[in-house]
Every structure is written in C-alpha cells, then in structure tokens.
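Asker: Assemble the whole structure, with the sequences as input and the hints as a guide.
Protein chains: 4
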Amino acid sequence: MKTKQLTKAVVAAGFVLGGIVPVSAQNQKESVSAKADWYPSSYGASDEIGAANLLTSDVVLQAMKLVKLGKTLPLAVPIDKNLPAFRHRSFNLYNIQPGEQAGNTTGPNKFTFNDELVNGWTGVGTQLNGIGHIGINNVYYNGNKAADFVTVEGVKKLGIEKVPPMVTRGVVLDMTAHYGKAIVPGDTEFTIADIQAVLKKQGITLRKGDVVLFNTGWLELIGKDNKQFLEVEPGIGMDAAKWLADQQIVAFGGDTWASEIYPNPTGEEFPVNQFMLAKRGIYNLELIDSRPLVRDKIWQFLFVLGQPLYIGSTQVNVNPIAIY
Amino acid sequence: MKTKQLTKAVVAAGFVLGGIVPVSAQNQKESVSAKADWYPSSYGASDEIGAANLLTSDVVLQAMKLVKLGKTLPLAVPIDKNLPAFRHRSFNLYNIQPGEQAGNTTGPNKFTFNDELVNGWTGVGTQLNGIGHIGINNVYYNGNKAADFVTVEGVKKLGIEKVPPMVTRGVVLDMTAHYGKAIVPGDTEFTIADIQAVLKKQGITLRKGDVVLFNTGWLELIGKDNKQFLEVEPGIGMDAAKWLADQQIVAFGGDTWASEIYPNPTGEEFPVNQFMLAKRGIYNLELIDSRPLVRDKIWQFLFVLGQPLYIGSTQVNVNPIAIY
Amino acid sequence: MKTKQLTKAVVAAGFVLGGIVPVSAQNQKESVSAKADWYPSSYGASDEIGAANLLTSDVVLQAMKLVKLGKTLPLAVPIDKNLPAFRHRSFNLYNIQPGEQAGNTTGPNKFTFNDELVNGWTGVGTQLNGIGHIGINNVYYNGNKAADFVTVEGVKKLGIEKVPPMVTRGVVLDMTAHYGKAIVPGDTEFTIADIQAVLKKQGITLRKGDVVLFNTGWLELIGKDNKQFLEVEPGIGMDAAKWLADQQIVAFGGDTWASEIYPNPTGEEFPVNQFMLAKRGIYNLELIDSRPLVRDKIWQFLFVLGQPLYIGSTQVNVNPIAIY
Amino acid sequence: MKTKQLTKAVVAAGFVLGGIVPVSAQNQKESVSAKADWYPSSYGASDEIGAANLLTSDVVLQAMKLVKLGKTLPLAVPIDKNLPAFRHRSFNLYNIQPGEQAGNTTGPNKFTFNDELVNGWTGVGTQLNGIGHIGINNVYYNGNKAADFVTVEGVKKLGIEKVPPMVTRGVVLDMTAHYGKAIVPGDTEFTIADIQAVLKKQGITLRKGDVVLFNTGWLELIGKDNKQFLEVEPGIGMDAAKWLADQQIVAFGGDTWASEIYPNPTGEEFPVNQFMLAKRGIYNLELIDSRPLVRDKIWQFLFVLGQPLYIGSTQVNVNPIAIY
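Residue numbers (this note's numbering), protein chains in the order written: chain A, 57 to 380; chain B, 57 to 380; chain C, 57 to 380; chain D, 57 to 380.
Simulated from the structure, these hints should not be mistaken for lab results. Please note that a few of the clues may not be correct.
Each pair may be met inside one copy or between any two copies, as identical chains are not told apart.
[Unchecked claim] Result set (BS3-like, lysine-lysine): computed pairs, CA atoms no more than 30 Å apart in a straight line: (1) Lys121 - Lys264; (2) Lys218 - Lys137; (3) Lys298 - Lys166; (4) Lys218 - Lys353; (5) Lys121 - Lys353; (6) Lys213 - Lys166; (7) Lys166 - Lys212; (8) Lys218 - Lys121; (9) Lys298 - Lys237; (10) Lys280 - Lys212; (11) Lys264 - Lys124; (12) Lys237 - Lys257; (13) Lys201 - Lys212; (14) Lys353 - Lys124.
In this text the structure is predicted, and so the values were computed from the model without any measurement.
Answerer: Okay, here's the thing in structure tokens:
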C-alpha cells in the first residue's frame, strides 16, 4: 500500500518542479509521448479481441474443476436511475403497455404484456469494457485510429460483439481483509506487494486466462454516499497493473467504477485502464459484486460471461455468473 | 406436425360457427374466461421467479458433466438498428466521445474513450422474457394484477432483476432436420409427436430444469426477408407447450422472435407464451442462434445465462453461453 | 382567495363524513359519474381542435393593434436536465459531433458541425398541452375513447400537430401584486373574485380568443426550492376555471407546472385541467415566464405561438412570443 | 441557373487537375486555409447571436404592416419517424399513460392522461439551425473553438436558447415558377441572377432583417422518393449566399433539408451553410413549407419564430408562423 502521505508528497513535488508531475520509471517506460511501440499487438496486427485469445479449451476445462457445490451467483448489481453514474451518464427504463390503454387486451385470450424502453448509457452499472473503450491520443488497441474506425453509430473495429464468451477461472481478492477495513479508503493504491500478500493469504496463484476481481467494500457506499463513491476510488496503480498483465490475465475489475486508484496521484486520467485496454488488450469489469463470495471465502470459481452483442459498442451491461 | 390444410380447416370452421374459433379441449381447460384457477403458483403464493425455482445445485452439477471439449458458444445474435423488430420496437446505439471535440484528450497520458448511449426496446434481438412480461387480462404470474405492480418506471414485482442465474442443461431440437427443410415453413405447428420424434432421434430425454431451444432455420431470413420473418413463425402449439411444461423445463425458445406458431390458428394472441409465462412461470428466450451447435450435433450442453439486472424490466437483452 | 384555514376545514370535514370529501355544487354539476353530457363538443362532433376554433381573422387583426413599441419577448424558460420535472419525466440533451472523432473534418472546406440528440418527455419545461392530453376515465375531448385513438406511437386524434397557430391577444394577470407577495403561497386558490379584481386593477376585460396567463412568482423557486415547486402550486380552482371558460378563452396557464391549485382541496387530481381540456377544449400553457412583462406592466400583447408539429403528441415544448 | 453541363465540366476539370477541384475566385476569397480573418464578428468579439442583432424594433414594426387579412399559416412540416432524415438522425415519439395500466385512473374525478417521450435528433423535420451548428475546422462563429465551448451535454456558447424571437419580414421566393417546374431539379444552383429575377417578378426588394425562404417543390418528394430527397438538393451556391448575406438577412432556408445545392459541385461539404452560419452569423431554416403562401402569392408576410429554449442545443424543431 502506498500511503496517503507518500501520494501527497509526490503531488507536492510535482508542483515544485514547475507543474510537471513526476512519473515513475515504470510509467515513463509506458509513456505515450516517449514512444508508440505498443502496437501491433502480440496477438497479431489484425487482432481485435486482445487477451480473449487466452481463453482456450484448456482454460475452460481447468475452470470447470472449480465447481464443487453446484452453487451459482450473479456478480452484477441491479441497475436503475438511482445508481450513481460517471459524469454525463444516466439510465432510464420505462415500462410501457402498448395498445393496452384503458385496459385494452388483445384476442380472445385477453393477451396483455409489459414492454420496456431503455434510454441509457451502457456504462451505468455492472459493465464489460471492451478493448476499444479506451485509447491513447485517439489511438486504440492494436494501433486502431479513432479517425478510422469510430462512427456515431458504433465502432467498426474492436466492438463488444466480437468478444467471445469469457469462460475461465474467476479470482476474488479481498482487499477489505487485507487492509482490515470494511471499506478500503478512497486514496489507497494497491501495489504488487499488496496483491501478492492477498493471493498468498487466500492460497491462490494467478494463472493465464484468469479474471481478477477486487473486493473493496466500495459498493456499501451506494445510496449512502454517492458523492464519495464517484469522486475517489481505491484500486491498483500502474505497477500492479503491469504485474497483473504479465500474469496473462484476461480481465480485471471489481466493485468500483474505476477499477484503479482514482484520481491517480500522477495527475494522469485513468492510466491503468488505458494501459490495460489499449496496450495489453485486457478487459475491464466494473461494479462487480463479490460480497457473497467473500463472505463464504470462495476465492476462485468458474466465471461465465456472455455479453449482449450490441454491434459497435465498446461497453455493455453484463451479469457474469460465478459457479462453484 | 399439424398441416396447413388442417389449420385452414380449423380457421374456416371458426367462421362458420359465427366467428367463434373452436378451441381444443386442452385449450378450453386452460381458457381464461372459464376459470381463474391458475394461481396461486405451485411455487408459493408470494413466489416471483416461477420455474427458476427448479434450478437446484443438483441440476447445476448434472449439467457440468456435459462439458467435454472445453468449447464455448455465444447463443445471441448481434444487435443493431437493422435487426427486424416487433411492431413498435426499435434499437439505436450511439458512440460518443465526450469532451473529445476537435480531438481533445485528457491528462498528460492523452486519455481518450468511446462511450455509448442506447435508445432501445429491450425486446429487440436475443432476449430473456421474464414471467412478468405477459399476462392474461392484465393479470400476471401468480395473480399479480397490472393495476397493482406495474409503474411507468418498471414493475415492482416479477422483475428480471430477481431471476437467478440460469445454469442448467440446454437442449437444442433441430426442427430443420425433422421437417427436412433448411427453413421450416412459417405455418408449421410443432406438436408433441414432433418434439418426441426429434428427442428420440437426437437421443435425449427431457428432464427437470432443462432449457429447450428450437432450431428452425428462421435466422437465415434476417436481412433477406425481414417481412416474412416478422409476419409469420413456425413453432409449438398449445398442446406441445403443455407437454413441455409438464416436463418441468425452466425456459423455452429458439431462433424465432415468437417462440410459438404465429399467427396462432385459433386466432388467439400468443397463447403459448401467455400460458408458459403467466400460468406456468416458464421463461422464454428469443432469437437464440443454435446453428453452430446443430452443425456439430451438440444436442445438449451446459447452458449459462446471466442477464443484466435492469430493475423493473420484464425482458432484457442477453447472450446465454453454451459450454460443451 | 380561499384561505388555508378554509381548505383545511373542508378536508377535515371530508374525513368526518366517512372519507368522502365534500365537493361544491359547481363541481358536482361537472362530476364525471353523474353524467356524460360533456360531448359532443359545441364545435362539432368531429372537431379535434376545441377552442382553437375561436382564432378567427378578426381576433388576429384585433391583437395586431396591441403592438406599439416593436418589442418582443420569449415566454419560455430555458430547458435542461436540471429543471424540476413532474414525477417520471426527465430531459436529456446530448451534443454529438458525428464523424469528427480525433478532430476529423469533412471536405476541403474542413466542415465540422454539432448535432443534438434529445431523450426527453415533452412535458418538461415550457409546453403547450393539447386537448388530447387529459381525459376523464379514459375518455377525452369530444368523447374520444383512449381505447380507440391512442397508440404507443402517438394519438390518432387530437394530436398537437393539428392545432393551428395561436395568434391572438395574450393577457397577463399579476397575482403577486394582488396578494402583495413576491411569491404567491402554494395553497392559494384564485377565485373568480380574485381574477376580476386583477383584471379591473390592470384595466382589462377578457374577450373571446384570449390567452390568459397568470404570474405567481413561482419561477423564482426553480433551482432554489425545487421540492416546493413540484409539491404544491397556487392557481385557479374550478369556479374560476368555469368562469374563464365562459369568457371563451383559447388557452390558460402561467408560470407554474400545474396551472391550477395543487393539490386540489377536494382531493381530485387536476380537476381544472381536466375540465378545461377534456370538457371545454381549452389549451394549457405551463412554465410561461411573464416576469419581464409584469415588470413593464405590459398586461396585454400580441401572442404568437407555433408549436413543433410532432405527430400524435398531446404536448410539446414551445416558446410563445409576446409582441408589444 | 448554372447548368448541369457546366457542373459536370467543373467536376471533370477537377479530376484532370490531379483531384483538386477548382474553386471560383469568390470561394477562394472565403477559403479557410487561406486566412482566418472571418472573426471577430462585426457584431462584436463576444457576440453570440450574429444576424439576430438586426432584429430591431423598427424591423418588427415594419413587418407588422404586412398583416392585412388576419390570416396565419404554420410553416412547419409534421414530424414523425417516417420523415426522411439526414444520415444518422432519427425521431421516435412514444405515447405513454403512466399509472394507467389496466385502465387505472386517479382520484374521484377519474383523471387520465397521455404523456409523450421523444428519442430524437433535433435535426429531423422543420428546424432552426443556430450559428453554433456549423464550423470550419472545429472553429465556430466568432472564433469560438469546439475544444473550448462544446460539451457532451450541450454547447456553452452560441446555444439556441440565446437566440431572441425572430419577428420580422418573411419573404418567399418561388423557384418552381422561375424554372417552370413543379419540382426544381436536384442539381440546380440558384445564382444571384436567378434570385434577382424572382425578386423582380414578385415585386420585392430585400431589406435588412429579412428571413428569405425558397420554395422548390421539394417537399412533394417526401414519402414518394425519400432517396432522391436525401441524396441531392437544388439550392443557392456560394455567390448567391454572399449576395444574400450582403443584403443583411437574418435567416435563409426553405423546403429542402440542405438549404443549398447539394452535393456542391466544388466537392466541398455544405460550404454555403458553413459560410452563412460560421462566417456571417446568419441562421438557417430547414423543411419550411411555404406551399400555401405560394399558392396564394403571398410573397411577404409577418414572420414570427419562437424556438423551444433547449439549453446548449445548436438546432431545434420549430414552427415559424406566417401572418398576413
């Protein structure tokens, strides 16, 4: 854990140095301006699915072995207009009964039905963020330029509809136990050491194809302190992200909306997500509710995710299922 | 298979009898006007999830055994504004890059992102229809009255957010092979005998908790003959529905948007869906693409469905995953 | 002015009388259950525009004479997502620059543009409510039954697109001066006597075809006390409504969202609007900002209203223009 | 009229010259790349309303004199989802009866109502295009840079909510009579000479503050040949635009969706609108139905436009009223 004090010192130093926030050697190595050597992707120059390439039959079969009890758990949070949402985003769902004004029914069987209309951003609530969601200076995964592949009616490349089913091992890392707090403080950066300590404590070693989900207690704030929930977030920093990526995970995320420390002490805007999605082709999962798993100490499980195939979308509401 | 000739005869007879379409004894037993003895539900008077009660740990563990190859398949069809949609329904998705006008980026790391807004009905494309979707004279599953539980911002009971994960055996019935046609004709009613013949041919016996999906070849029409796709549909009739319900299945559906013969020869409006959802608490799945399974003769598989938890919705876009 | 004390007494009496709130003889005469003699309309059994029939050339020419200074004033309030809205209603507008990701432009002339998408209810902000907006037990103006003319994609009769331009005399009644308060208290019912006193004070006599707008100071609450703004409203009661209708006005309204006292002391739901629209075919205008007119004591003026012709809508955002 | 033959020759010449389409001296003078001397605006460096500054009391009073008969005419076309729309744009309106499922009513007065929800682009149907709608290389009227004033929830400058009422003289130019065709051919460019000839024929001289509307017969295509309606348009070219701007008009437009010849023979993207809005602060009005005026030879009239005040929008649906 990097302490709040350190964070403050780093930021202060930035101001001393003329407004330029110093970045670690690690970060500099990944710096955008320094180089553009992050593409083509190691999965091939025309690849559009990134780390989903790791989802082999072997990964599936290994994950199957985690099912012992025949129990299942939805990892999504329920979504409605009251859920706190990022900036401009909102969600409205309307229930309508077409043709049933004044109690009208249809046919001799008096057919009636409810129909629903959604006016919403796909980024409200539990969501899968595809690798086309975040870019660096308008360049996205595998060097795809926004100028070329983005249209107002959806992306022509990297769309969420191309992501194969995610059937693999899911791993939950309980950061609340690690820090000994029901809700991990908002300015806590998870380091490599933090993650390794939790893995050791939980008896797990990460492996290729894993989905790694953090439990921070942060969902407890929803409806109680939406302001704090949206303004600041605990989460991994760039070092931890790099290490996770090197373990060849397929997706990272958890119970916050940022899935990384926010605001980032370096002054960068979501650098971890940017690194993971754009440079490494790793997916992100937001607002994942792992509380029941943590309660029962289910640290690993069969993770199954099928996302609605909205053509040209780069994110979409989902409900991954844990089976154990 | 009930033949076209029979169908026509039945309808003709209806007109002869003064506009009253004759219904079978079976249907009369289920008739709305005759009685209201279809609730409380056998799952309890306050039950809101119907046949999802059948999804026990045992069902999960049994289904796990179907995974041999470690292969996975998305069962959804991709969705965009061009997909043919039922009546008033439509779907539009917009890709927007907030704050990035004129190529703006954020932070020293030049963060850019794509965000999506959906204006769409949840009933366009592959969807899970909850048991609150269809009612009889404004009364829904377990006797819930629309007057009481429906609001413009969603249902207060029977919402899709209450449906537990569907992890069970999925069964595909290939009706195209049964009828020897790449696309089963639109006026074909699947009878009990038809279904039993296909099950026998495929070497399957239905069991409690199954999800039963029909392959009719109908998806081939999309983009080629959207008009036909929307106007008429092959599918099960009421007798077959009753028989399927008696096998204690959890959900039925397939590659059409109606999941039953449409228009129904009795002149009723979606009587099968009405029976299954409202009276029996059985879920419906529309626009399920089982073509790759049929091609490889994968007649049964582990079926995993996690639906986005839109509070108060009675249907929602999904992408169930077949694992085998 | 009916006092708060009286109101409370009436309501209290209602409870004493077994829960039945006593209504005035006036109201009883208009009672729904007592009779259905309010149609056909006096404008003809097939009429769809109600009091807009009163907008003759003579009315137009008379109103023209009110223009002395060549000054103009928009009577609408600006609309965005922050404006307090009735119950389920909301309004979101998005600015999008299609095809301009990464600063793209089109053509040698480097064309760029802003485009806007609205997801909103037509009843947020200044609006014209057509006579198809409100009904009595699912029956609307001129006896049109909801079961017959309403569809999910708009009404087939009484739509706002059929309303002719409203070019007539506008009259502002300043209730703030009448009551000697910058903001008229929320439980104030404007009686016939109140209106007549204001008219006399302002030197005006109502005439056929007038649009009558009340200034209550209520807009001052927006952004300061949205809760009060939405929960309670000063306004005319049924007696005043009847009297105004008898003056053959075309539209009534003002700077509140209800245009009548709300909640109504009788326990009825918007009885004044119901009476005016459904029974008398008189239009309603909400959130009309007449403050600059009141400031300059412009009590009458040329009123010009052209509403966007949304087919099948019963209300729509507008911006009537005062010219004087 | 520039002939089709000339147009083809110009385009052909462009290809001969290595893909560079030759532009007239006039156009070169206005060329973007050549200079950026088109701001600050002549109305002041902080001006946000452009030619609306010309709408003086004198202009209003002069226009009042055109009212002789007391007749009124809506200049808008009715809008629904079937209206042909520019590219990505669409419009859907839903009629909903909140709380009235199963025929529910509210209160002892059995209150019922229709409510409408719009999911639509403000650029479908008759619309006012504000001067913030179109820019040059992401720079808009008065040098406002998109990077500075555009947000996803609306523009912070140049918004339609700032445009004062347009009360002035409206002038209709009947191009169908000029060309002797019920529908002016799509590739017809209106020149200065064409406009002057029509003005002379109709006995009108343009004056400061006018709104100039062209009648081309093009609305006749709607519902009959939507493809042609959207693909090509007759209209003014750059020379005519410059001349109109020099007459100090406030707005130009008419019965097409482009209000200029489209595609432009120079290969530029809407250069006329770009010039008028961005450089001259002149407003644009699309899909104006002047057919009844032309039928009755009403060439000039009192034009009154009040647009809904959608904050931060650069275009909005309107219905200007002609009074004569």
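Asker: Tell me, which hint numbers fail for this structure?
Answerer: Hints that this structure does not satisfy do not exist here, as all of them hold.
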